[in-house]
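A.B. asks: Protein chains in written order, with the working numbering: chain A, 1 to 378; chain E, 379 to 756.
A portion of the hints provided could be inaccurate.
Some chain A residues flagged as far from chain E (calculated, every beta-carbon gap over 10 Å) [stated by the list, open to error]:
| id | residue |
| --- | --- |
| 1 | Ala62 |
| 2 | Asp115 |
| 3 | Leu134 |
| 4 | Pro136 |
| 5 | Gly167 |
| 6 | Pro182 |
| 7 | Gly267 |
| 8 | His274 |
| 9 | Ile289 |
If you anchor each label on the Cβ, the simulated ranges turn out as follows [said to hold, decoys possible]:
| id | chain 1 | residue 1 | chain 2 | residue 2 | range |
| --- | --- | --- | --- | --- | --- |
| 10 | A | Glu269 | E | Ala491 | 52 to 62 Å |
| 11 | A | Asp184 | E | Val606 | 27 to 37 Å |
| 12 | A | Arg110 | E | Asp745 | 50 to 60 Å |
| 13 | A | Val266 | E | Gly404 | 15 to 25 Å |
| 14 | A | Ala270 | E | Gly489 | 52 to 62 Å |
| 15 | E | Gly404 | A | Glu325 | 15 to 25 Å |
| 16 | E | Gly404 | A | Asp321 | 21 to 31 Å |
| 17 | E | Gly615 | A | Leu232 | 28 to 38 Å |
| 18 | E | Gly615 | A | Asp321 | 21 to 31 Å |
| 19 | E | Ala438 | A | Thr362 | 40 to 50 Å |
| 20 | E | Gly404 | A | Asp184 | 24 to 34 Å |
| 21 | A | Arg187 | E | Glu595 | 45 to 55 Å |
| 22 | E | Asp699 | A | Arg281 | 51 to 61 Å |
| 23 | E | Asp745 | A | Glu214 | 46 to 56 Å |
Per the computed footprint, the stretches of chain A lying under chain E, defined by three or more beta-carbons under 8 Å from a beta-carbon of chain E, are [claimed, not checked]:
| id | region |
| --- | --- |
| 24 | 7 to 14 |
| 25 | 231 to 238 |
| 26 | 332 to 343 |
Rather than coming from a laboratory, the hints here were simulated on the basis of the structure.
From the three backbone atoms N, C-alpha and C, an ideal C-beta is built for every residue, glycine too.
There are 2 protein chains.
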Amino acid sequence: MIYLDNAATTLRKPDCVAQAVCAALGSFGNDGRGVHAGALSASRIIYETRERLASLLGCARADHVVFTANSTEALNIAINGALGAGDHVLSTDLEHNSVLRPLYRLQQERGAAVDFLHADTVGRIDYDDFERLLKPNTRAVVCTHASNLVGNMLDIARIGKFAKEHGLLFIVDASQTAGAYPVDMERMGIDVLCFTGHKSLMGPQGTGGLCIREGVELRRWKVGGSGVKTFLTEHPGELPTRLEAGTLNGHGIAGLHAALGFIESVGVEAIHAHEIALMRRFYGAVRGIEGVTVYGDFETDARAPIVALNVRSYASDEVADELSEVYGIATRAGAHCAPRLHCALGTREQGAVRFSFGYFNTEDEVDAAAEAVRRIAQ
Amino acid sequence: MIYLDNAATTLRKPDCVAQAVCAALGSFGNDGRGVHAGALSASRIIYETRERLASLLGCARADHVVFTANSTEALNIAINGALGAGDHVLSTDLEHNSVLRPLYRLQQERGAAVDFLHADTVGRIDYDDFERLLKPNTRAVVCTHASNLVGNMLDIARIGKFAKEHGLLFIVDASQTAGAYPVDMERMGIDVLCFTGHKSLMGPQGTGGLCIREGVELRRWKVGGSGVKTFLTEHPGELPTRLEAGTLNGHGIAGLHAALGFIESVGVEAIHAHEIALMRRFYGAVRGIEGVTVYGDFETDARAPIVALNVRSYASDEVADELSEVYGIATRAGAHCAPRLHCALGTREQGAVRFSFGYFNTEDEVDAAAEAVRRIAQ
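Hey, can you work out the whole structure from these sequences and the hints?
C.D. replies: If you want it as structure tokens, here you go:
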């Protein structure tokens, strides 16, 4: 199988990831529950993972890195923990349902208001719309760093500057970029950064989290066992415990720890360069094929390594099925949990076939995929 | 290290667990996102894990087995999803903070009322208190199957009968029993069963969930990516998707799948018999040591394999430290997230040293632990 569905999850992980998870499965007690060697091994690796994430993502404090099961949970915690009745929020058409549905729920159940910056048919927003949509009760901007559908990146530093100028909380979904593109919360003016461990961070599924700038207070989400302050009726208020009730996914985090070590050793810039080169190679090969429509903005390399396309008017899932069954190429078809952007692109009915590249993909794989598209289009 | 902290997490797992996680880390795509071989392998194993859990725990429908990151999350989903303003809830002094804190929050933030059945100094409740505490607005009973502190088990079938007679929702925390004691939702009259994967189910951390009886509707918890029905603004309403937003911990669930296979092959009754025999051997050896106080009810074998004790008036954490550092024995001291039961036992200040046995412990380990207690007491 040629795996080109890295925007869904990186199937191929660095070898050290499985090794680390296996080692943890034979040695970890429960982090923060007990002082014996097993519990302490878990605590040590988990804390080091917070440190590696803080360093990678520009979070000033390792204890403000909170672990969750995935970025959807992180976004729910951020959105529900910061916003409520009477608040107005700005977001964009590029968002994944993990941003959209928590925002829609905020509108429906708590009376918040949300405005979305519209995307054009290439999936670009007009940054001046932020000013135009600003209201006296605007409290936050919530947006993705890069579209999971077409790979277009938002200028996070620019939006961060806007947010800071107007005293808005800035929540960013880095599900498609953390580990594969330079992210620096401080420099970009991000207040809460939500990430997943199993995509570009190359760690196991079941890992993810939030990095929270000092001074940002989020309401508790799940509450319960904390391993400390047992006699408090309220879940402890200090980060990271505040937002991490119950036993953490220590085994998964051990894998993420190893993956972060791998990313540090290769370097985010090198990973990005490799993935973008593969994307450019594929884009160059398919864009001119008769009957192929490619979506998104390829004028810059500041993007995620994704090429979304359709072949003639063929249903995208049928094209993906043929790619999988005839050519052994794994892609993803359909709507990709990105409903608003499909409406903007005009692909609501057809969906799109998404090719997303990862660090372990090769030029040969890219060429085989382009050739398969060419044959399907013929 | 002699590991006797299995009530916190089973450090030793069946070998098949790490093997399954490793295999998954090299082959799983994202469950429900795509139709290529990688995504389908993940979906198949995840669905089989639902089936195995449904079969083990007496849940009528595999698609009513919902995965969460841990039992704390499961209990938050159940308690917040079913109960609200004006509701009265019955619970007990045996509960872990993963039950208590969601209930306290329900009291403080939503105006629900909670009454707790008091435990005596042995950690037993008086079942007649259920009738005595019943009110016209009582909506639910939420309780543990077995105390994580002393191992005492509640008579779940009896409470289930009471709940049914009065039309109450019955939510059970099986964190200490699933996999190590027979649990049958149907027979015991349980509406929502919450479990964790990394304790007696012997799977990886980061796994857990709820089994939900048909007809019980829980409000959504986190919302977001679902992989289906992208254009719905509301997170889909069907189980299990309703309560499972975002990417599941596929790699961890693959380990749980293997652990469940191991449990099926050994048999829950055999696991329980082995663990209780170890507990009885330890209890028999330490109960008569001068200066040792053992807590809990040992009149029945319907209990979790736990012995909590103190040595004279020694601080429990100092005893646990000595057990760890001098004897290489891992236990857990302190309050164990069980504040109300410590108050009932009179150990609020001292805490207790908890020895909790698992399937891979041996008689020699038990004897070494008892001998260590004897020496510390001298």
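A.B. asks: Hey, is Ile289(A) genuinely clear of chain E, shortest beta carbon separation above 10 Å?
C.D. replies: Ile289(A) is indeed farther than 10 Å from all Cβ atoms of chain E, at 22 Å.
A.B. asks: Indicate whether the distance between the beta carbons of Arg187(A) and Glu595(E) respects the range 45 to 55 Å.
C.D. replies: holds, 46 Å
A.B. asks: Is it true that Asp699(E) and Arg281(A) lie within 51 to 61 Å of each other by Cβ?
C.D. replies: Because 59 Å falls inside the window, the suggested range holds.
A.B. asks: Given the hint of 40 to 50 Å, is the C-beta distance from Ala438(E) to Thr362(A) inside that range or not?
C.D. replies: Because 48 Å falls inside the window, the suggested range holds.
A.B. asks: Report holds if the minimum CB distance from Gly167(A) to chain E is greater than 10 Å, and violated otherwise.
C.D. replies: The claim holds: Gly167(A) sits with its nearest Cβ about 27 Å from chain E, beyond 10 Å.
A.B. asks: Range hint 46 to 56 Å: satisfied by the CB atoms of Asp745(E) and Glu214(A)?
C.D. replies: holds, 52 Å
A.B. asks: Note whether the CB distance of Ala270(A) and Gly489(E) lies within 52 to 62 Å or breaks it.
C.D. replies: Cβ of Ala270(A) to Cβ of Gly489(E): about 56 Å, so the range 52 to 62 Å holds.
A.B. asks: Taking 15 to 25 Å as the hint, is the beta-carbon distance of Val266(A) and Gly404(E) inside that range?
C.D. replies: The hinted range 15 to 25 Å holds for Val266(A) and Gly404(E), with Cβ atoms some 19 Å apart.
A.B. asks: When you take the CB atoms of Arg110(A) and Asp745(E), is the distance between them in 50 to 60 Å?
C.D. replies: holds, 59 Å
A.B. asks: Falls inside 21 to 31 Å, the C-beta gap from Gly404(E) to Asp321(A)?
C.D. replies: Cβ of Gly404(E) to Cβ of Asp321(A): about 24 Å, so the range 21 to 31 Å holds.
A.B. asks: Okay, Gly615(E) versus Asp321(A) on CB: inside 21 to 31 Å?
C.D. replies: holds, 28 Å
A.B. asks: Verify this label for me: Ala62(A) is non-interface relative to chain E, using a Cβ-Cβ cutoff of 10 Å.
C.D. replies: holds, 20 Å
Going down the numbered hints, you'll see the structure goes against none, and every one checks out.
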